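S.K.: Chain A is fixed; fit chain B with the ligands onto it per the hints.
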Amino acid sequence: MDIDLKILRYDPESDRKGHWEYYTVEADPEERILDLLHKIKWFEDGTLSFRRSCAHGVCGSDAMVINGENMLACQVLVKEVSNPITIEPIRGLPVVKDLIVDMDPFFDSYKKIMPYLINENEPGERERLQSPEDRDKIEDTTKCILCAACTTSCPVFWTADSYIGPAAIVNAHRFIYDSRDEGSKQRLEILKDVNGAFRCRTAFNCTSACPRGIQVTKAIEDVKRETLLNN
Amino acid sequence: MKIIKHSFDGVIVGAGGAGLRAAIEAAPHMKLAVITKLYPTRSHTGAAQGGMSAALANVEEDNWNWHAFDTVKGSDYLADQPAVDILCKEAIDAVIELEHWGLPFSRLENGKIAQRRFGGHTVKEGEAPAFRACYAADRTGHMILQTLYQKCVSMGVEFFDEFQVLDIKIEDGVCKGVIAFELSTGDIHIFETRAVTFATGGFGKIFKVSSNAHSLTGDGPGILYQKGIPLEDMEFYQFHPTGIYRLGILLSEAARGEGGILRNKDGERFMERYAPSIKDLAPRDMVSRAIATEISKGNGAGPQNDYVYLDLTHLGAETINKKLPDITDFVRTYVKIEPINEPIPVQPTAHYAMGGIPTDVNGRVLSDEKNTILPGVYAAGEAACVSVHGANRLGTNSLLDIMVFGKRAGQSMLEYVSKTKASSISDSSSDDLVKKINNLIEKEHTDEFSVGRIRNDLQESMEKNTKIFRTEETLSEQTKILEDLRERYENVTIFDKGKVFNTELMETIELDYLLDMSESTVASALARKESRGAHSRQDFPERDDAEWMKHSFAFKNGNSATLRYKDVELGKYEPMERTY
Ligand SMILES: Cc1cc2nc3c(=O)[nH]c(=O)nc-3n(C[C@H](O)[C@H](O)[C@H](O)COP(=O)(O)OP(=O)(O)OC[C@H]3O[C@@H](n4cnc5c(N)ncnc54)[C@H](O)[C@@H]3O)c2cc1C
Ligand code: SF4
Ligand code: FES
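Residue numbers (my numbering), protein chains in the order written: chain A, 1 to 231; chain B, 232 to 811.
Looking at chain A on its own, in the form it has when it is part of the complex (with noise of 0.2 angstroms):
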């Protein structure tokens, strides 16, 4: 079957601003968004820039508004979303070409919360021991991919680039709720800065967007209740 797309295109060599273009490709129905773009580029206009690798929602390259919502392109199916199709880069963080935003603000945020276990005692030669139960406390958050799907839909993040957003904030709550780790009350010390999790008002938006199912903004919830605690 033909499909439509409508997609907010940005050449920064020669557009002063965006301008929509449009297409029309034969696709399956069972086809993802991302092959829809594969066949733009390939086969039609080889300027289409979007970022991609995996293909199957593991990577975290092709987050992008697709009829106005944040998806991964490579884990929705033709079939899922109505004809025509808008596409759009995600917002919030600045354009560079087409459908591809510079990330590095975004990593940026990520790097602040210290990601990385602390735990300054001796491990010694084997294991350190975690009961299933504990590991599961952070089951839910150590799936993230980056993908910026989240802290691209937030509200408070379009209006404030300065919140640190909640993909770092998942990425905080993977370590504060991890037994093995001792570094939560300097990571808590930072969520509180003005610019932390406090900003968040709750809109879920991030919940809906997380192509990994992730319980975003019940993490945010969490980490605002550790830092009461740690008061």
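Just so you know, these hints were derived from the structure itself, not from any lab.
Predicted model only: the values in this text are computed from it and were never measured.
Glycine included, every Cβ here is placed at the ideal spot set by N, Cα and C.
Wrong hints could be hidden among the right ones.
Mimicking EDC-like on lysine to aspartate or glutamate, the simulated pairs with C-alpha atoms at most 16 angstroms apart in a straight line are [as the list claims (entries may be wrong)]: (1) LYS510/B - GLU499/B; (2) LYS553/B - ASP35/A; (3) LYS553/B - GLU125/A; (4) LYS567/B - GLU133/A; (5) LYS111/A - GLU499/B; (6) LYS728/B - GLU13/A; (7) LYS343/B - GLU133/A; (8) LYS439/B - GLU133/A; (9) LYS553/B - ASP134/A; (10) LYS343/B - GLU125/A.
Sample of chain B residues facing chain A (criterion: CB under 10 angstroms; computed from the structure) [claimed, not checked]: (11) SER274; (12) VAL326; (13) LEU334; (14) ALA367; (15) HIS445; (16) GLY498; (17) VAL566; (18) VAL682; (19) ALA758; (20) PRO806; (21) THR810.
M.R.: This is chain B with the ligands only, laid out in the frame that chain A set:
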């Protein structure tokens, strides 16, 4: 385009598991750059699912010698046994080290790292399937990649994200540096350095149906091959038995490790006929051949009888949700069926390159079959061939390989840098590359010579002629097709003339490597007149130890390859018939 120069003691190309592990080793003691065309966390190591093996003996008695026995037997005796000993012995520390860095492994009730069964891994040299694969649900690779990246962040490792390396400079047989293209600007960066490690991953994109990412195009092996460095054992490419029908998305062997069963259209558990003792957990080459044989006998399911079923329905919702959450989600997302209740349509998918850049056990690149070392150049991970996987890799041994040999490559860089002096690279060293890029940009675009079309034809023909079963006829046919494709590639044109994120330009250069990988694969496969591991010649169905216990070294020779050979390093395991 601007040309910018940098100077480092060492450079690592690639930030998957192998590159990051090498970086952790080298970064504290030298000025190091990690250059990667993807953000590190998007490397395909993150897609690995099932596990990483080590004889921790957390569930039952185990020891690294049994792991080594299985690896050698799984390799169809083509692996170098001293290297396998290193792999299996150092596995234990490699897992523990990851745990200490924070990797959230799944746990046993007693708090130790959980272990599961996997294809070809046994206790007591073949007695029964072994619980050896350490895992974090079915996202072990994701956790490894995240943990290694986190460790690098904590150490302040310097990354050049979204920089694509396109050339290496070797003068008088010594490494001088690499040249990279900055994706966001189109600028060229010259990295002056005396030690380079290539950890660029695999090249599954030579096939149409593959578990590999779009970015896996064999860049490291391609760059070196074009400089006259040989590629080892290229005829051995692994086809994983259980890719999602048509899409190739992997469903880990962990599914069978947890008890999943393969069935043909009649619901028969056909692996009982092919591997009576370990059945569905036989090594991948055997299972993939069994599936292909079932399909060719008309026992495949579906309207075209071209797939089989992976049946998990007897495992129950709890096991599936707890131990196989991601892969069953892939099935829900892409096939729209519920694997708790329905069997899943699967077919073999192109998965893993056993061959690649030849190295010794310390990651040092070999420039010929006589083990001559190329000073300052290292390789690790799927891009390299040590060889520990021989003719067929066992599941879970690649995540292990990237950890063990990534570390060793990092150590070798350190050693080399500490005993050599910095040498300079000339400002004109990027001239060839700039010329090549300008030529591509200037040529007027025509549809016939678009990268999309040439690559499509490449992938379809490789799929048809070189997949699970090969013959003189299919390989000769493919040789001709490749000549034709190479000719078209000489005239390739691009549509995008811009500087910023010109991904079409990068895809065009990657296609050159894909052609190199295909040419060396087909030439090596045509020459090897026997069947061993993943290389299965219907016209030579037997393994021929008298003639072929040797590694192939393919040297680029125009559009084909010249082949030379090196004997396999044997050890305590005598080659025997491979039955399971
Ligand atoms: C779906 C799937 C599941 C798997 N499951 C398992 C498993 O359970 N157990 C197991 O042991 N193995 C498994 N494997 C195999 C294993 O995951 C891979 O072999 C291994 O992760 C490869 O790691 P690597 O570091 O060599 O390469 P990759 O992780 O692929 O990294 C390659 C890196 O090189 C960079 N790069 C490439 N070209 C360039 C260039 N020109 N310039 C700059 N940078 C470049 C990329 O940006 C990337 O950072 C699986 C593989 C797949 C595909
Ligand atoms: S929490 Fe979910 S949406 Fe946010 S970055 Fe991680 S995976 Fe993406
Ligand atoms: S391409 Fe990797 S998540 Fe979509």
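S.K.: Each of the hints needs a verdict: does it hold here or not?
M.R.: Hint check:
1. LYS510/B - GLU499/B: Holds, at roughly 12 angstroms.
2. LYS553/B - ASP35/A: Measuring from Cα to Cα gives roughly 31 angstroms; hence the hint is violated.
3. LYS553/B - GLU125/A: violated, 29 angstroms
4. LYS567/B - GLU133/A: Violated, at roughly 32 angstroms.
5. LYS111/A - GLU499/B: violated, 52 angstroms
6. LYS728/B - GLU13/A: Roughly 10 angstroms between the alpha carbons, so the hint for LYS728/B and GLU13/A holds.
7. LYS343/B - GLU133/A: This hinted pair holds, its Cα atoms lying about 13 angstroms apart.
8. LYS439/B - GLU133/A: At roughly 42 angstroms apart (the allowed maximum being 16 angstroms), GLU133/A and LYS439/B break the hint.
9. LYS553/B - ASP134/A: Holds, at about 15 angstroms.
10. LYS343/B - GLU125/A: holds, 13 angstroms
11. SER274: Because about 8 angstroms separates SER274/B from the closest Cβ in chain A, which is inside the 10 angstroms limit, the hint holds.
12. VAL326: Given a least distance of 8 angstroms, the restraint on VAL326/B holds.
13. LEU334: holds, 9 angstroms
14. ALA367: holds, 8 angstroms
15. HIS445: Constraint on HIS445/B satisfied, holds at 6 angstroms.
16. GLY498: Constraint on GLY498/B not satisfied, violated at 25 angstroms.
17. VAL566: holds, 9 angstroms
18. VAL682: Interface hint status for VAL682/B: holds (7 angstroms vs cutoff 10 angstroms).
19. ALA758: Result: violated, 33 angstroms to nearest chain A Cβ.
20. PRO806: violated, 36 angstroms
21. THR810: Where the cut-off is 10 angstroms and the nearest Cβ of chain A is about 35 angstroms from THR810/B, the hint is violated.
Of the numbered hints given earlier, the model fails hints 2, 3, 4, 5, 8, 16, 19, 20 and 21; all others are met.
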